[in-house]
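The opening position of the sequence shown corresponds to residue 2 in this note's numbering, with each subsequent residue numbered one higher.
Quick caveat, the hints were computed from the structure, so don't treat them as lab data.
If you're wondering where the values come from, they're calculated on a predicted model, not measured in any experiment.
Heads up, a few of these hints could be off.
Claimed, not checked - The calculated lysine-lysine pairs, modelled on DSS-like cross-linking and capped at a C-alpha distance of 30 Å, are: (1) K106 x K26; (2) K6 x K60; (3) K72 x K14; (4) K105 x K94; (5) K14 x K26; (6) K6 x K64; (7) K26 x K105; (8) K60 x K26.
Unchecked claim - Each pair of labels, with its calculated beta carbon distance range: (9) Y118 x E31: 19 to 29 Å; (10) K6 x Y91: 40 to 50 Å; (11) C38 x I66: 15 to 25 Å; (12) H69 x Q9: 26 to 36 Å; (13) Q63 x P110: 18 to 28 Å; (14) S53 x M102: 34 to 44 Å; (15) Q63 x R113: 13 to 23 Å; (16) R113 x Y91: 17 to 27 Å; (17) A115 x Q9: 18 to 28 Å; (18) M101 x P28: 40 to 50 Å; (19) A115 x I90: 15 to 25 Å; (20) G49 x S98: 39 to 49 Å; (21) E29 x M102: 36 to 46 Å.
C-beta atoms are modelled at their ideal positions from N, C-alpha and C, and glycine is treated no differently.
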Amino acid sequence: MATKKEDQKLEEKFKSLPIIGDQPKSPEEENFLRELCDFEFLNTQEPGLSVSFDYGSSKHHQKFIFEHGQKYRVPRFIARHIETRGTPIYTWKPDGSGRMMKEKKGYSPRFRMAQSYN
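With the hints as extra help, turn the sequences into a complete structure.
In structure tokens, the structure reads:
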């Protein structure tokens, strides 16, 4: 478990980062998304490999490196962002004029952030 002081340092570090994707609809939802929680990172596409990515805007950004199976203390909006990085799944079907049309069927999740409650 992180101490209060460590949590404050992390909160300051993540405070300037923007929330990417669906924007919070209320201040309560924004506070919920910015809350620091413990997550276990799982690379479901290539188990065992680490993932490195940049998050944020041009002025406020942070580089993250997550190792498969390791626990991290990050805001919920970072976990949400990582979980939305999926591979699209397409199907092909006839369009009625003799041609085939590509249609997005869904997403295959690449990463999972499992929240820890210990």
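Hint check results:
Restraint check for K106 and K26: satisfied, since their Cα atoms lie roughly 28 Å apart, inside the 30 Å limit. A threshold of 30 Å between alpha carbons decides the hint, and for K6 with K60 the separation of about 26 Å falls inside it, so the pair holds. About 18 Å separates the Cα atoms of K72 and K14, which keeps this hinted pair within 30 Å; it holds. For the given pair, K105 sits about 11 Å from K94 by alpha-carbon distance, which is consistent with the 30 Å threshold.
Among the hinted pairs, K14 with K26 is consistent with the structure: their alpha-carbon atoms are about 23 Å apart, no more than 30 Å. Our distance criterion of 30 Å between C-alpha atoms is met by K6 and K64, whose separation comes to about 22 Å. With a C-alpha separation of about 28 Å, the suggested pairing of K26 with K105 holds against the 30 Å cut-off. Among the hinted pairs, K60 with K26 is consistent with the structure: their alpha-carbon atoms are about 24 Å apart, no more than 30 Å.
Remark: the range hint 19 to 29 Å for Y118 to E31 is upheld by a beta-carbon distance near 22 Å. For K6 paired with Y91, a C-beta distance near 49 Å keeps the hint of 40 to 50 Å intact. Taking 15 to 25 Å as the suggested C-beta distance range, the pair C38 and I66 conforms, at roughly 19 Å. Taking 26 to 36 Å as the suggested C-beta distance range, the pair H69 and Q9 conforms, at roughly 29 Å.
At roughly 23 Å, the beta-carbon separation of Q63 and P110 lies within the given 18 to 28 Å, and the hint holds. Our hint of 34 to 44 Å for S53 and M102 holds, since their Cβ atoms are close to 36 Å apart. Against the hinted window of 13 to 23 Å, the Cβ-Cβ separation of Q63 and R113 comes to about 20 Å, which satisfies the hint. Checking the proposed 17 to 27 Å range against R113 and Y91 shows it holds: the Cβ atoms sit about 22 Å from each other.
Between A115 and Q9, the C-beta spacing of about 25 Å keeps the proposed range 18 to 28 Å intact. For M101 and P28, the hinted distance range of 40 to 50 Å is satisfied, since their beta carbons lie about 48 Å from each other. A115 and I90 have their C-beta atoms about 23 Å apart, which keeps the hinted 15 to 25 Å range intact. For G49 and S98, the hinted distance range of 39 to 49 Å is satisfied, since their beta carbons lie about 46 Å from each other.
Under the hint 36 to 46 Å, the C-beta atoms of E29 and M102, about 42 Å apart, fit the expected range.
When the structure is compared with the earlier hints, no violation turns up for any of them.
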